[in-house]
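> What follows is the residue order along each chain.
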Amino acid sequence: MSELETKKSERSAAAKWSRRGFIGAGVLAGGALLIGVGVRPGNPVGKLAPLVAGGEGEQLVNSWVKIGADNIITAIVPHCEMGQGAHSVLAQMLADELDADWSMVEVMQAPTDGSYIISDTARLFAAPFTMNAADWLEPTWDGLFTQLGRLADVMITGGSSSIRSTGQYQMRIAGAAARKMLVGAAADEWGVPPGEIVTRDSTLIHEVSGKSAPYAQFAAAAAEQPMDSSPALKDPKNYRLMGKSKRRTDIPAKVTGKADFGMDAKIPGFDPADLSYAAVRRPPVPGTSVTAMDAEAAKNMPGVQQILNMSSFIAVVADGYWNASQALNAVTAEYSQSKSPIKTTADQFAAFAKALDDAGDDGGDMAASRGDAASTFDNAPTKLEAEYKAPFLAHAPMEPVNCTAWVRDTDEGAKCDIWTSTQVPLMARSAAAGALGIDADDITVHHPFLGGAFGRRLENDYVTMAARIAKATGYPVKMIWSREEDTQKALYRPADLSRFKGGLDADGKLVAYNNVFTQRHDPAEASVPGIYNIPNTSVRVAPAELHLPFSAWRSVDHSQQGFFIESFIDEAAHAAGADPLEYRLAMLGDNTERHKAVLEKVAEMSDWNAPRAKGTGKGVAIVESFGTVAAELIEVDLTSGKPKLLNVWTATDAGYVMNPDGFRNQIEGGIVFGLTAALYGEIDLVDGAAKQSNFHDYKMLRMDETPAIEVAIINSGAVPVGGAGEPGTPPAAPALANAIFAASGKRLREMPFAKQFT
Amino acid sequence: MITFTINGEQQSLDVDPAMPILWVVREKLGMTGTKFGCGIAQCGACTVHLDGEPIRSCSMPLAAAEGREITTIEGISGEDGGINAVQEAWISEQVPQCGYCQSGQIMAATALLRDNPSPGDADIDAAMSGNICRCGTYKRIRQAIKVAAGIEQPSSEETAA
Ligand code: FES
Ligand code: FES
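Protein chains in written order, with this note's numbering: chain A, 117 to 874; chain B, 3 to 163.
Looking at chain A on its own, in the form it has when it is part of the complex (with noise of 0.2 Å):
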């Protein structure tokens, strides 16, 4: 093919992707049908049916799947799109099991419909899916995502679940479904046993009498059949679309600024240039309260409209953005004490070692025990004490936190309408309802795609928030908040402390491992190093309070853990004098032939043996989380005095990887995640308050840092499939610190490490 026509090719794609991406963007987009197990009994399209069939001709052929009069079948896809390709991926996999053309797939974000609240993904984030490695874990049922399990409105994206729950439990079942009642309609109508009709790019085919029909012909009567609820699934060997890097449906939009955000949402029947905005402030202090406000200079100030004391935050309403956050600066306010005895990172990290002193050796709440680790490293040849700390974090999605509401009186009572970026549409449903006093039915949630989230967007403070606004003013508001109110007024990654005491015996094997550390929330199993084989261990949590309050942060706990163990794993290693690859690789206990393969992997990927240039160093991490198996190994460069990274190489093992592309993508940006809380990230406490405000002093990593990666799949078929969002963010910092280590000799035990390096 010529490079003429390769563009053309090229040009044509991009046509119609663009289309297939307007309307995965949000034209049909309402709030979010909460889908959690497969198929129900009972089809329930008839229900369905006015929430998602828009265009003319187009039939509903069960809840997930419609198909129009021109051929066009519609997945409808109950998670949001972040970022992390799930509306496309989770449509490859409908589609490959109704044998669809995949050319004419269009992806739609499940509409709002709370009837249909039942979770697979609940049952997933209960499951200790990685208990095989880790079987020596006490479980624990009452990590976060389960108690948001327990909860009613469970839709939630996030714990990289999309695929593994979402995924193999619905979207297959609901395409296999689908495709037997095409079968079943056709066979009626053609008077032919149904295993005689075979399907193929959205076409039933009668080959014995040369009868072939368009699924559209079909989609109508095939409603009418009895649904299956376990239709047999492809055989992997049997995959067309599964396992191939298509496309993602959600691309085009994004490159033409047509996709629409949270942070874009227009309101039907409101010009733009009309529409009233919000500016907020929130006291500087978590759990302190507005006690007095003097907005005298603000409030005739240009286009301001109302100024809000709403106690637990200030709000100026203008008519534009700029106007509303140029007077919000006018305004001054008194805020109540805190009652929080911390005020400075100081005071957090005494907290969290007054809790570990408490704790000493034996104390705490046990998360994982074995054998006898206090007595066994007294008694141990060699020695290793080591304190490890983790800063808190904010998320910083690129996009700002905003909230767009609409509270109206009709003559059906109070309606609602809200517009956000969010990873649990139901919830912010209840938090506006909440907020409201009104009944949730009154309210739709819309969302549209999100610029980013990494957990920031399960908390629902924001959507209270706009509400309530809207509700003082009565007419539609977009609330949006400054960088630096979404840096230093977040919910962050808790900070940490960790004790480790390592006994090795006198061949070097580390045979005693005691950890004790203060925070505990989820996974259950990320403080606990179950992969490698320690015959005494005992981890233990002490808890201590947080400053500043908690949410989950882009891989949980193995944000922090991941660094602490992977580091303490690598001192042993070079305690012993051993080459800390081949260390990991002799400790590792039962059930880890994927861990095994992953480390063996980058060796070879970075050929590790290779002789290394002075002032350059190698480290390796490997951790599991989400149900991947993760290896990383960072190659530094310290010859300038500061780390300079060169390159990383990953290994990973999900079982099976639906979109390979998909998934380095999201590994590669899961690195970048994690290498920059290694090398900046850093929330300080400053009078109780946030210090960082913005990217100048919240630093990210950028083009000119950024090593080259590289990402190797193994598909060991290891089954449940595990994710692709969380897993490459955990082994990052740890690599990164092992290899200055190996590069310098300097150990930190310490993050972020850019900043150590003056």
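Hints listed in this document are in silico derivations from the structure and should not be mistaken for laboratory results.
Please read all numbers here as calculations on a predicted model, not as lab measurements.
A couple of the hints might just be wrong.
[As the list claims (entries may be wrong)] EDC-like cross-link-like pairs, simulated, lysine to aspartate or glutamate; straight-line CA separation at most 20 Å:
| id | chain 1 | residue 1 | chain 2 | residue 2 |
| --- | --- | --- | --- | --- |
| 1 | B | Lys30 | A | Asp820 |
| 2 | A | Lys587 | A | Asp557 |
| 3 | B | Lys148 | A | Glu826 |
| 4 | A | Lys470 | A | Asp481 |
| 5 | B | Lys30 | A | Glu600 |
| 6 | A | Lys415 | B | Asp18 |
| 7 | A | Lys815 | B | Asp127 |
| 8 | A | Lys374 | B | Glu11 |
| 9 | A | Lys499 | A | Asp488 |
| 10 | A | Lys760 | B | Asp123 |
| 11 | A | Lys374 | B | Asp82 |
| 12 | B | Lys30 | A | Asp387 |
| 13 | B | Lys148 | B | Asp125 |
| 14 | A | Lys499 | A | Asp477 |
| 15 | A | Lys807 | A | Glu450 |
| 16 | A | Lys758 | B | Asp127 |
| 17 | B | Lys148 | A | Glu821 |
| 18 | A | Lys505 | A | Glu687 |
| 19 | A | Lys382 | B | Asp82 |
| 20 | B | Lys148 | A | Asp820 |
| 21 | A | Lys760 | B | Asp82 |
| 22 | A | Lys499 | A | Asp621 |
| 23 | A | Lys760 | B | Asp125 |
| 24 | A | Lys374 | B | Glu76 |
| 25 | A | Lys587 | A | Glu821 |
| 26 | A | Lys815 | A | Glu600 |
| 27 | A | Lys807 | A | Asp481 |
| 28 | A | Lys360 | B | Glu159 |
On the provided structure of chain A, position chain B with the ligands as indicated by the hints.
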């Protein structure tokens, strides 16, 4: 009254001349492809072209556009009116994740390639390091710039697998 051209169309607006171009474009003109990320010229999400040069529209008052030409993501296109070579490469390399930073990235890359049709890694670093991607798509942005420049072949769905 401030008069300027935006994406080829003349506009006269009666707004505060101190208002940053970002908010004028997004709120007064309803073009939301240009994004707010930081408001202090740190992230590049708001990048537009002013007389062809990439600027941080969050930190540039509308007064600076008097009599000049603003180009936003909505105003760049290929010769046939479709997407341009940079946008095509962004698709072939499957660059965006959340996509929120990408309008700014594409505006920065488009300006780079116009000035330097065959940029090396150092040129890419220099032109693109003002643009943050929190999703971490830098590797793909670099590759896509090289594809748009014709230095590297585009990935197809098959090669990407
Ligand atoms: S919003 Fe303008 S540089 Fe960040
Ligand atoms: S793609 Fe999400 S910030 Fe760049």
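> Against each hint, give a clear statement of whether it holds in the structure.
For each hint, the structure was consulted:
1. B:Lys30 / A:Asp820: violated (35 Å)
2. A:Lys587 / A:Asp557: holds (17 Å)
3. B:Lys148 / A:Glu826: holds (18 Å)
4. A:Lys470 / A:Asp481: holds (15 Å)
5. B:Lys30 / A:Glu600: violated (24 Å)
6. A:Lys415 / B:Asp18: holds (17 Å)
7. A:Lys815 / B:Asp127: Holds. A:Lys815 to B:Asp127 sits at ~17 Å (cutoff 20 Å).
8. A:Lys374 / B:Glu11: With a Cα-Cα distance of about 19 Å, the restraint between A:Lys374 and B:Glu11 holds, given a limit of 20 Å.
9. A:Lys499 / A:Asp488: Status holds; Cα separation ~15 Å.
10. A:Lys760 / B:Asp123: Between A:Lys760 and B:Asp123 the Cα gap is close to 16 Å, so the pair holds against 20 Å.
11. A:Lys374 / B:Asp82: Within the cut-off at roughly 19 Å; holds.
12. B:Lys30 / A:Asp387: holds (9 Å)
13. B:Lys148 / B:Asp125: holds (11 Å)
14. A:Lys499 / A:Asp477: Since the Cα atoms of A:Lys499 and A:Asp477 sit roughly 14 Å apart, the hinted pair holds (cutoff 20 Å).
15. A:Lys807 / A:Glu450: Holds, at roughly 19 Å.
16. A:Lys758 / B:Asp127: Holds, at about 18 Å.
17. B:Lys148 / A:Glu821: holds (18 Å)
18. A:Lys505 / A:Glu687: holds (15 Å)
19. A:Lys382 / B:Asp82: violated (30 Å)
20. B:Lys148 / A:Asp820: holds (15 Å)
21. A:Lys760 / B:Asp82: violated (43 Å)
22. A:Lys499 / A:Asp621: With a Cα-Cα distance of about 9 Å, the restraint between A:Lys499 and A:Asp621 holds, given a limit of 20 Å.
23. A:Lys760 / B:Asp125: Holds. A:Lys760 to B:Asp125 sits at ~18 Å (cutoff 20 Å).
24. A:Lys374 / B:Glu76: OK: A:Lys374 and B:Glu76 at ~8 Å, within 20 Å.
25. A:Lys587 / A:Glu821: Violated, at roughly 46 Å.
26. A:Lys815 / A:Glu600: Between A:Lys815 and A:Glu600 the Cα gap is close to 13 Å, so the pair holds against 20 Å.
27. A:Lys807 / A:Asp481: violated (32 Å)
28. A:Lys360 / B:Glu159: Roughly 8 Å separates the two Cα atoms, so the pair holds.
Of the numbered hints given earlier, the model fails hints 1, 5, 19, 21, 25 and 27; all others are met.
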